[in-house]
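**Q** Letter by letter, the chains look like this.
2 protein chains.
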Amino acid sequence: MKIFTSIPALKIWLKDNKSNNASIGYVPTMGFLHEGHEALLNKAIEENDLVVLSIFVNPLQFGENEDFDRYPKNIEKDIEVAKKYGVDAIFHPSVHEMYPSEMSATFKVHHMDVLCGAKRPGHFDGVATVVMKLFGIVTPDRAYFGLKDAQQVAVIERLVKDYHLNIDIVRVPTVRENDGLAKSSRNVNLTKSERAEAPYIYKTLLEVKNWILDERCYDTDKIEVKLKTLLSKRLSGNLDYAEVRGFPSLKKMKTLSSDVMIAVAIKYSKARLIDNVIFHLEEKEGKLCIDK
Amino acid sequence: MKIFTSIPALKIWLKDNKSNNASIGYVPTMGFLHEGHEALLNKAIEENDLVVLSIFVNPLQFGENEDFDRYPKNIEKDIEVAKKYGVDAIFHPSVHEMYPSEMSATFKVHHMDVLCGAKRPGHFDGVATVVMKLFGIVTPDRAYFGLKDAQQVAVIERLVKDYHLNIDIVRVPTVRENDGLAKSSRNVNLTKSERAEAPYIYKTLLEVKNWILDERCYDTDKIEVKLKTLLSKRLSGNLDYAEVRGFPSLKKMKTLSSDVMIAVAIKYSKARLIDNVIFHLEEKEGKLCIDK
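Protein chains in written order, with our numbering: chain A, 3 to 294; chain B, 3 to 294.
Hints listed in this document are in silico derivations from the structure and should not be mistaken for laboratory results. There could be a bad hint or two in this list.
Okay, derived cross-link-like pairs now, DSS-like style, lysine-lysine, Cα gap no bigger than 30 Å in a straight line [said to hold, decoys possible]: (1) B:Lys228 - B:Lys185; (2) B:Lys20 - A:Lys13; (3) A:Lys45 - B:Lys17; (4) B:Lys228 - A:Lys20.
Just the calculated beta-carbon pair ranges, DEER-fashion [claimed, not checked]: (5) A:Ser25 - B:Arg72: 24 to 32 Å; (6) A:Pro10 - B:Pro102: 46 to 54 Å; (7) B:Pro102 - A:Lys286: 54 to 62 Å; (8) B:Val97 - A:Ala198: 29 to 37 Å; (9) B:Pro61 - A:Glu217: 17 to 25 Å.
Using N, Cα and C, we set each Cβ at its ideal position, and we do this for glycine too.
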């Protein structure tokens, strides 16, 4: 397995391999790999001749009062994980390698000032900018993103479409702890009691999904009241948002229809957790069908 | 010669040709082709297996009170010119084909609020956005840009570098009428008397360049006073700017050094003209050398 910190060195290696028509799968991460990332690597390995994993904590996507400085790191362990899964190259650049000087142009993401976009101003501008840079460097055939960051998936899918990149964006389902908590690098920043209650995030999402099914309640206002009531009863963290929206449209609906996401963000003392459930809703022969 | 109005059709044609390892030269234009564009086509034909010419008047790069609606068009003549030069494919999309819905993300260009960037707010954001889209569609090996739009060249060179695109940006010198006026699609929007005096733009640029050489005056303040005095004496149009800057740095200098651009923009009743001279300045063995 190759480890590159230099963009030109990685590009030479890629060029050599591309000349043999090798397909490139790409897993962009901020490191501190967990089983969620491993699911991305697994799928990438399955579907491509070569897999590139990048590990880069991108300062551009962190707000001033966010956790850039305390974002967890463990490069040695990440290298072991990558080796285990058969990754062909790790790209692990410094901030200076990625941003030797201020960018001449960055992305302004539009119509994304909802959910995390509303709560983290500039976050998706930074994500779009670094992902387009990374796509330019790696030029993958396929890139793998986890659905825990559902809004990020929506942003990147639109970016790839609008800028006509020949890259398939592959959505990978959220991986969870045994108790249901979505795997996240930030979980290590939870206190013991926060960690103990955090599984209620997903439990509540599932409960509300089932309540929609049982009650046939498609009124999103009512659903959100139910969701918020349950979450605030069960969780000590601050509710950043708890909303029902279309996915990947992210549009607000008065009445639930077709592709639905229930999304939640909770602020704890040193970690902000997000989670969601996404499902397809369909009336069929008078019966309600939910899948995914 | 193929003519494409559809992005997917062009992409299929490109894919077929790329699979034969054909190198692609690309000349992006807004149409109404003149000898300046022909110089771009000529160079592209010389250096590549296949040449794609795009003709698209991009609404995103025009300000509200600018000349988008009256930008000159003559697609039949453009097709004849393209055929004459041996262009392989014209890409001539509608606005709807390029922007079927509002872009999910556009570029914000930084540190370019000088020269045309200061006078045309948002112009280079629109240029960067459409050029990155077009590069995504055409995926050329080389792309050709005229030095009349020197700031545009600087913007695009930085964009390609910052987003790691494997595209060579080829600078092509300005082509001029016999009387020295820089070829421009907008020249047809000059009145007779404006057209008669317009050659003084370039004459003055040359005169100031020679004056710098003769007087060994490197003080940019003094040079700009000289330039503005001459231009306002000779031209009835409004001076939008007349400045001495580094190129491609576009930085203001107190004292001239190395790569210099003298750039001018004049506003006439229905056309805004820009022009520049770019040269390399060097003290060698006590003697001043200017080339380019």
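**Q** Next, verify each hint and record whether it holds.
**A** Here's how the hints hold up against the structure:
1. Proposed proximity of Lys228 of chain B and Lys185 of chain B is supported: the alpha carbons are some 25 Å apart, at most 30 Å.
2. Between Lys20 of chain B and Lys13 of chain A the alpha-carbon distance is near 20 Å, which keeps this suggested pair within the 30 Å criterion.
3. Taking the CA atoms of Lys45 of chain A and Lys17 of chain B, the gap is about 26 Å. The hint holds against a cut of 30 Å.
4. For a cut-off of 30 Å, the pair hint linking Lys228 of chain B to Lys20 of chain A is broken: about 55 Å separates their Cα positions.
5. Checking the proposed 24 to 32 Å range against Ser25 of chain A and Arg72 of chain B shows it is violated: the Cβ atoms sit about 48 Å from each other.
6. For the pair Pro10 of chain A and Pro102 of chain B, the supplied restraint of 46 to 54 Å is violated, since their beta-carbon distance comes to about 37 Å.
7. Separation of Pro102 of chain B from Lys286 of chain A is about 31 Å and departs from the stated range, judged on CB atoms against 54 to 62 Å.
8. Checked against the hint of 29 to 37 Å, the pair Val97 of chain B and Ala198 of chain A fails, with Cβ atoms roughly 56 Å apart.
9. Under the hint 17 to 25 Å, the C-beta atoms of Pro61 of chain B and Glu217 of chain A, about 48 Å apart, miss the expected range.
Violation of the numbered hints given earlier is confined to hints 4, 5, 6, 7, 8 and 9; the remaining hints are satisfied by the structure.
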